[in-house]
Each structure stands twice: as C-alpha cells, then as structure tokens.
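Student: The primary structure of each chain is shown beneath.
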Amino acid sequence: MSLLIIALSIIIIGGLLALAVCKYSYLSTLLGVGSTVIGCIIGLIPVGQTIYYGDTTTFRLAWNIPYGSFFLKLDPLSAFFLLPILFLSGLAAIYGREYMIVYRHKKWLGLSWFFLNLLIVSMVFVCLANNTILFLASWEVMALSSFFLVAFEYEKEEVRKASWIYMVASYLGTACLLPMFLILGSSANILDFDLFNKSLSPLALNICFVLALIGFGTKAGIMPFHVWLPVAHPAAPSPVSAIMSGVMIKTGIYGLVRTLTFLGMPPLWWGYLLLAIGIVSGILGVLFALAQHDLKRLLAYHSVENIGIIMIGFGVGMIGWSSGMPVVAALGFAGGLLHVVNHALFKGLLFLGAGSVFHSTHNLEIDHLGGLIKKMPYTGMFFLIGAVAISGLPPLNGFISEFVIYLASFSGAMSMNSYSSLSLIGAIAGLALIGGLAVACFTKAFGVVFLGEPRSNDARNAHESSPRMTIPMMILALSCIVIGLLGAAIILFVSPVIGVVLGNPYTGEIRIASNYLLYVTAGSIVFIICLLTIAGLRWLLLSKRSVGQSVTWDCGYAAPTARMQYTASSFAQPITDLFEFFLRTKKNNTMPDSYFPAAAHFETHTADVSRESIYNPLFKTIDRFSQRMQVVQEGRIHIYVLYVVVTLLILLFWNMR
Amino acid sequence: MDSPMEIMMILLVLSDFALLGLSRLRTCISIVSFQGMLLGLLALVSQWGSLTLRLVMIAAASFIIKGFVFPILLRRGIREAGTQQEMEPFVGYIMSIIAGLVMLGVSLWLGNKLPLFALGSGTYLIIPAALTTLFTGLFLIIARKNALNQCLGYIIMENGIYTFGIFSVVEIPLLVELGILLDVFVAVFVMGIAIYHINREFDHLDSDRLNVLKG
Amino acid sequence: MQISSFLNILLGLLFAPLFLGIINKTKASFAGRTGQPLLQSYYDIIKQLQKGAVYSKTTSWIFRAGPVVGLSAILVALVIVPLGGIAAPLAFSGDLLLLAYILGTMRFFTVIAALDTGSSFEGMGASREVLFSALAEPAFLIGLAAIARETGVLSLSQMLPAAHFFSPEVVLVVIALLVVFLCENARIPFDDPNTHLELTMIHEVMVLDHSGPDFALILYSSALKLWVLGLVIVGMVFPSSADYFWPVPVFMALCGLILLAVIVGVIESTMARLRLLRIPQLLVAAGSLSAFAFILVLR
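Chains as they are written, first to last, in this note's numbering: chain A, 1 to 657; chain B, 1 to 215; chain C, 1 to 299.
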C-alpha cells in the first residue's frame, strides 16, 4: 500500500511541477510524462500483489472533516479496477507526449499535464476510497479535471458545448449519489463504507439501487444516460479520449459493483433490470455507432455498447445470485469484470489509433480517408488487432469475456425455471446480435479508413506516426493477444474479486470455466498453426509462379476515381435502413436533374435518439417552467424585503401556535 | 411420439406466425383455410373416444365453411379488387413477428394464471395457442391497412375463440355453436359485399385512407 | 479423443468438395441437363492451385491474408464438429460458441479482404453479408440453446447424438438451422451461387478479385463450411451412436449429408432468390422458430 501512496505522490508532484514550468513546453511535458510513467509502474506492483495473493491492505490518515476520514482500502475489487487504470494511463501518457507536443505554440501544455496527472490520481483515489466524503471528493476532482481536459481546444465552439454537456451530465449523476450514500450511512457517525447500515428496509434498498444505477450509470454511459459520451469523447484530444473511454467510465462500473457489496443479496428484479439495460445499451449503442461517420464518435458509441455487454454479464450474474445458482452468478460477474479489463485495453488501443490517424491527416471523417494502411502500416495493423478484439472474435481477448458470459447464460437457460431462462435466452440473443453488428461496424471503420484508395488529399498525405505513438499501441495489442491466448489463467485471477462481490470466491466454478477456456486456447493454437502452415504453403506455391499486378476490376469504367469506392454510409446502409425506427437518420441530398452527370450532394446526420426525445423536451419543459417562475423575481428591493418579512412572520406565528 | 393434439396446437401457432410475417394475400387466405381445416379435425380428435353425430356435424360444418367457403368468397373479393399484396402496413413485418413472439409469451403466462382443466396429455399448449390465435387476429385488424386483411383478422379471431371453446366447455348447446358459425358466415358475406363496394367507390382498399369520410 | 475422431477429420478434408458437386447435379437433373461432373469442384481447386496470381495495386497484405485466415478458421471449426456420434477431437462445453465465433473471424477477414480492393462490387457484397450474418447468429445460438436444455449438455459432440428427431422442438430447430445453413453458405433463397451480377451476389462478389491459389483456398473453405454446418444439422436428424462399430454411424452421417445436399439442390431449383428486403424477415422468422422451440422445451 505504501508503494501505491508513493506512486500517487510522484504523479501529483510531477503534475504540480509541470504546472509550475508551464511556459517551457518540453520541460513540462517531460515532467508530466515522466512522473506518470514512473508512478504507474510503481503503482502496478502493489496492485499486482493484491490480485495475485487476494489480500486486503488499508491506510489511514487523520482528517478533520465531519463524517469523513482518510481511509484507503486496497482489496481485490479495487486492485482489479486499478490495473487497467494504471496500465492504460501510463501508455496514454507516453503517447500523449508526441501527440500534444504539436500544440506547444498555441497552448500551455503544462496545464494539460497537470490536469491529466490530477485525473489519474483522482481515479485511483475513487477506487481506493473507503469513506463517503473521500469518495465523493475524488469523484468531483475526477469530473473537474476531465472537464478541463475535454476543453483543451476551447477556442472551438463545439468543444465548449461538449465540455458543458459533459459537466452537466456529470453533476446530474453525482446528484443521485449523495442521497444514496446518506441512506446507506444513516446509522453511522463517520460515513465509512465498513460502517454502512447492513440491515435496511427493502424499500430503502430498492431506492439505493436505483439511485446508484442512475448516478454511476451516468458516468458509465448506459442508455439513456449516455448522451454526454458521444459528445465529450470526440471533443477531447485522443490520449484523453483513450483514458476517458477506457478507464474513466469504468469507475462508474466500479461504483456500481461496490454499491452491490453494500446492499447484500439482491431481489430478482434487479438482475432483470440490469439485463434489460444491458441489452438495450448494447444493441442501440452499436446501431448508433454504425450510423456515425466521425471515427471518434463511432468509437464513443462503441463504448456504450461494451458497457452494455458488461451490464448483461452483471445482470446474468445477479439473476444467478438471486436464484441461488452459483455457476451462473460466478461466471456472469467474472465475464463482466473481465470485459472491463479487456475493453479498457482494446478501446484504449482503438482511440490511440484514431489519434494517430488524426495526427497525420487532421481529418476524422471516415468517408474522406482511405488507403492509410500503406502509409501507416503499424497503426493499421494495431488498429486491426483492436477491431478484431472488440468484435469478440477468437483468438483475441474479446472472445474470452464474451465466452464466459455466454457460459453463464447457457448454464442458466439449461436449468432454471421459465421466466429466468427466457430472460437468459434474451441475453444470448442480445449478445449474438451485438457481436454480429460489432463485426459490421468495425469492418466498416477499418475497411473504409485504412483500405482501398485514399479519398481525399488529407489521406494521400498521411505519414506513419513516430515510435512514441506506435509503441504504446503495440504494447496494448500484444496484451490483447496474450489475454486471448492465456484466458484460462487470467480468469482464475478474477476469483478473489468475485469473493469480494458475492461473498464467496466460487473457485470451483471459475476453475470449471478455466478448464473450458483451455480448450479455447487449444483451438486458438490450432488456428495459428493452420495459419502459419497455409501461409507457408501459399508462399511456396506462388514463389514458383508468375505473380502480376494490375488494377482492381472496374467493369470498364472510363474514368474511375477513388470517390467511386464504397463509402462508410453505403456500407452501413442496409443495417441503418433496417433499424430506421431507432436511428431516425436525416438525409439531405441534391441530385442532378439533367441528362448528363453533374455534381450531387449527399449528407446524413444521425442525432442521438435519447437526446432528441427525452432530454431536449425535458429541458425545454424545465425552461418554460422556470420562465413562469420568473414572476417571483421582481427586481425591486422593496418586494424582496417584503418576502423576508412575510416569511419571518409566518415562522413566528407557526412557532407560537 | 407426442399426442396429435399437441402437434396440431404447434401447427396452429406456426400458422399464426406465418400470417404475421407474410404479405401476399392469397397465401394468407390459404393459411387461414388451413387453420379452419385443422380446427375441424381438432374437434374430432379431442373427443376421439366419444364421438357423437352432433360433434361430427359441427366438425364437418366448420371444416367445410372455414376451409372452403370463406376462402372462395375472399378470393373472389381479391379478384374484384385487383390487389395481391399488402400495402405498407402500420407495423413492419419483422416487428409483427417479434410482436407474435411477445403475444405467445403473454398467452403462456395467461395460460398459467387461468384455472386449468386436464384433458389428457399434451393439453398445456391449448389455452396459449388459442389466446395467441385470438391476439394474432386482433393484431392483424389493428396493424394492417388492407380491408381484406381485416376480414382475415376477424376469421382468425373466431378461430381462436373456437379453439378456446372446444376445450373449456364440455357441453356446448348445438344452437350456440351453430349460432356462432352463422354469425361469422354472415359477417364474412357482408364484408365481402362491402369490400366490393368500397373498391368500386374509392378505387382502393386502403382502410387508412377511408378517414376522408369523417366530417 | 480416439483415432476415429481424426479419421472423421480426414473424411471431411477429402469429401467436402464432393457435396458441392451433388448439389449441382441435383439442380442439373431438375433442369433436365447432364450438368457438371460430380468431381468438378476438385478439378476447379486443382486447376486454381496450379495457376499464378494477379493482385491489384490497391490491395495490401490484408487481401493476401484473407483466404488464409478463412481456411484456418474453418479448419478449427472442423476439429469441433462431431461426425456420426463420435466425439470431435476438440469437444468441450461451450464449443458451439467457438464454432459460431470462429466463423465470425472467417467472415471478418473475408469482408476486409473484399474492402481492400477498393471496388464497389466487393463493398456491396460485404455490406449485405455483415447484415445477414448478424441476423442469423441469434437464430443459430437460440436453436442450439433449446437443444442444450432438452439434452442437458452444452457440447456439440454430446448434444447432437442425444437430440431425438421426432420431438417437435427438434424439428423446429432443424428448420431454423436449415435457414441459417442456407444463409451462411450463400445458397438460394439468400444468394445465387451461379450468377455474377452485382444484384444477386453476396458471397460470390466478395471474392471477385482473388485468383490462383488464393481462389483455390476460398473454394476449398466454402466446401468445408458446407460440410461443417451440414454436420450440425445431420447430427441432430440421423440416429447415431458411438456404440456401433466405427463405419456404421459414419456411413449414416454421410448418407445424411448426401440427403441434405439433395434437399438444398431441390430448394435451389424450386425457389427464386428473395428480394433483399425480405431476407431479414426470413432470418427473423427463423429466429422466432428457434425461440418457439425453446419455449416448447420449457415445459
């Protein structure tokens, strides 16, 4: 634990020093990156130890805030979430050094590095805090520092709007958390998590669960509270997007799981609710991702989808927990938790890849890119690994976590009573559909951006990024492959975390899943052997024959251009048209109306359905209501004094009766 | 090998799904006539041990009327109106099939809640199948625009009530049973005439556009 | 893991292209023609293997990797699926998931190899392909979940022989899986494997620019995909048991596959390809058949 405190101190001191010298860009960047990397490496040691040995360490300091105490606890659950936080932050910092340095003449980089380090430290504190006040304080600092990071390019209006929406959403979520913590801690003097009331009435428990779901769900990005995600993540610079999408939304998941440990055995409907939210978020998230044509917005909606998958895992786990089926409970939660780590890895990788693309082409519009794999081979290859991983395909890590969730759902569907098994069949159908649509989305993203011919000058003038940007991506890609191949071993480490959540590590059940994952690894090894053998045979065959080069068959067109290729919108069109009811894409086009070819114009725009149909009307109603309340605000001092006097008289008479 | 009644109920539910998902009116009419014949057989099979002349008459009457007479009337209506396909329905075909699954689930739940009666093996599916058929008929009336489809929906509703009736009452007075059948026969006959006149007057069978009639 | 499991794999590797020939012969006899020789697929593969290749300047290493990854993926699938009641070499609980998703890997790389050419034809086929397979997945998995609940096991090698064909649930699942089979293998009513017009192509057009050994790999992988998915259906229908001496259940399974190929040929000869708007409806109908089968198992 002390190592962790040292690590955190290094990071925050580095940040403060970077702020102090923010006039000198290179020095502040060096301080910021250096402190982050060293801090993350040192911090990973105690985290790794906790996961490996499954023990719990604590740390206390005296703190005189009422109801608060500086009580940090590192148990397997916190350590499990700290692992991706520290790992990804370190890599994103290395990446960021190269990415942000191009802004050194326009902005004070030291400021950004300060906020980045502050963000990392606050995220770690959120996972370590064992006291409500400390937790909420870290939560607020996390929101504020990420706000400043999102507003990095504050001179652009859409960035300002994005950071404002992010701020509002964040605070609305936090507003739900405070009452929940107060209910939980209603019988303690100090609001430590350990001293929470364990015997609340069922009504109080239900209220707490719903408040936690809304509050933490807003941060995590479940539907319909996700509206800030596709706005804020694209507006932030890419290393910040990677950290936000990869690990910051996971702190919401951490909060939800930690709340579950306070609430005890859940009633069945909580599991159903989580499952329903998960299925809806997953399917709608990937559908909206398919309709986007900005690369980072697409990736942001995919985060919503993967949070949906995590919620499906947790929902299945809770259904199993309430029904007393240990296999379903343990494997559901294990799959969801493993997906937390996996998603951090491949989403971080994808955002860093998108950042590389932006760094070299300054254009994130998918339909203006193309053919980048020839100019940026390493970025392309790592993006491909990220794309295959996020689609949940073997032999990479996405398949491992989805496999465990599927195992839980199938076991439950095979042996539970009617309603629960029908809901688990819904989970299976939902996961299958989500997986298929994710393949569609990422073949679109990878195919149109990296393959084919460049569609614009931005794409033609692309260049590969420097090693400082490609090496973090390589490390993330390698970790995807490693977890994919060693899934059987990795799942065993989730056992102590399950012990914290469910009260019982269920090592037996997890060992069973691990045995099946060994076979999956065997299948992956067969795959790789076949791959190498067939590639070798093909090379042998072709080396003796003539291999020619030509153009792609273009059906004899007189003047083919790169713009005649299939665009991303065309690729997604069958799916977006099928799901028209949810997407409501607005199209405007001007077609030539003469006999000969002329210029045409086509544009699609998919607004977020929740925002259009829930939040905009809601805010407009509140606005109108407030306008009517404005009557009270007369503006003249006489009336205000009258208000004061009337209130005092009322209180006086009330007391005297 | 499961009891023939269970297989007939499964075929009934499958025909409901087919009606929800298909758009060609001719095929829909064929499926409805198949349903009618199936239910006629069902009346016989359910009381296989104790056949009475009355039962055989009812079964034969519904077999012939629903299996042959109605389809002939409806096909004539199609020929007069000249339509073959359903126009854009209010609820798309994929949503209709998913709605069908939801209706099946609701019918199963209702079937569990209603007080059951045992009539041998394979009877657990009867009430859900009957209710599903009833809901399918209602769904078709609400969700489809073509007037002929609404006529079909009415017939399917009657099929559902008939299935429900075969098993919930042991003794149906002959008069009531024939009365129901006569009621439906007259309704279809009248609807056929009305459809002919609607088509002649407005040149289409889109019942959604009939709202121009309101003041 | 017995010797017979490996012999089954050998059978698959040898005989898979034969079934394409049987389908073509059935279609030819329906049309009154003599048709291609039964072994035509073998001749095609061998001919392509002996040729050189021409690559487009637009393509990158992904185009060359696509067919290789596809064949490797289908070989993994071959090791999972049982034949004639004899357990596959890589049988384990949940292997049906590995089967469904390794086919997904094959599909992913075929699609990006198609997009690599920068041609609109391949893009069109690819975009349809991803939609149809996304809709076919739930039907496949829910159907197998129904069988899993009925038999109480989660491994294909144990599930398929234990499914009694004459219960209504299994019949419904077989019909649903047949629809998925037709979709995945690009048969009518989803796709026309004969024509090369862009209106009808989904799978055919994705491999338009491949030539030489690459194309041979693609032809062979599509034959193996037919074999693998066909075995899943035939395993449920035909009685098979490992108690008998090895050639007997294998022989029955091969007869089942021949019958399946003939049925596919009949379907191809009697139906036309559906309009593209109707294909999602058919897939959702197959999914609802699977769901109905699961509801029936719930009693």
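None of these hints come from the bench; they were simulated from the model. Keep in mind it's a predicted model, so treat the numbers as computed, not measured. Think of the CB as a built atom: it goes at the ideal place given N, C-alpha and C, for glycine as much as any other residue. Please note that a few of the clues may not be correct.
[Stated by the list, open to error] Calculated pairs, DSSO-like style, for lysine-lysine (alpha carbon to alpha carbon, straight line, at most 30 Å): (1) K145(B) / K586(A); (2) K374(A) / K51(C); (3) K51(C) / K544(A); (4) K47(C) / K375(A); (5) K620(A) / K161(A); (6) K25(C) / K374(A); (7) K544(A) / K25(C); (8) K374(A) / K544(A); (9) K544(A) / K47(C); (10) K145(B) / K587(A); (11) K73(A) / K161(A).
[Said to hold, decoys possible] To give a feel for the contact side, a few chain C residues facing chain A, derived at Cβ under 8 Å: (12) A28; (13) F92; (14) R107; (15) I175; (16) L178; (17) S269.
Student: With chain A as the partner, please determine if I175(C) meets the hint condition of a C-beta pair closer than 8 Å.
Tutor: Result: violated, 18 Å to nearest chain A Cβ.
Student: Hint F92(C) vs chain A: min CB-CB distance below 8 Å?
Tutor: holds (4 Å)
Student: Was the hint right that A28(C) lines chain A, CB cutoff 8 Å?
Tutor: With a closest approach of 29 Å, the A28(C) hint is violated.
Student: Can the hint on S269(C) be confirmed by a CB-to-CB distance to chain A that is less than 8 Å?
Tutor: With Cβ-Cβ at 28 Å, over 8 Å, it is violated.
Student: Is K374(A) within 30 Å of K51(C), Cα to Cα?
Tutor: It holds: about 27 Å lies between the C-alpha atoms, which stays within 30 Å.
Student: Decide if the proposed pair is consistent with the structure: K620(A) and K161(A), CA atoms, cutoff 30 Å inclusive.
Tutor: holds (17 Å)
Student: Could you grab the alpha-carbon distance between K374(A) and K544(A) and see if it respects the 30 Å cut-off?
Tutor: holds (26 Å)
Student: Within a Cα-Cα threshold of 30 Å, do K544(A) and K47(C) meet the stated pairing?
Tutor: This hinted pair holds, its Cα atoms lying about 15 Å apart.
Student: For the pair supplied as a hint, K145(B) and K586(A), is the alpha-carbon distance within the 30 Å limit?
Tutor: Roughly 27 Å separates the two Cα atoms, so the pair holds.
Student: Would you mind confirming whether the straight-line C-alpha gap from K544(A) to K25(C) stays at or under 30 Å?
Tutor: violated (35 Å)
Student: Mind checking the alpha carbons of K73(A) and K161(A) for me, to see if they're no more than 30 Å apart?
Tutor: violated (37 Å)
Student: Closer than 8 Å between Cβ atoms is the bar; does L178(C) clear it against chain A? Give me holds or violated.
Tutor: This hint is violated: L178(C) lies away from chain A, its Cβ roughly 18 Å from the closest one there, beyond 8 Å.
Hint compliance for this structure: hints 4, 6, 7, 11, 12, 15, 16 and 17 are broken, all remaining hints hold.
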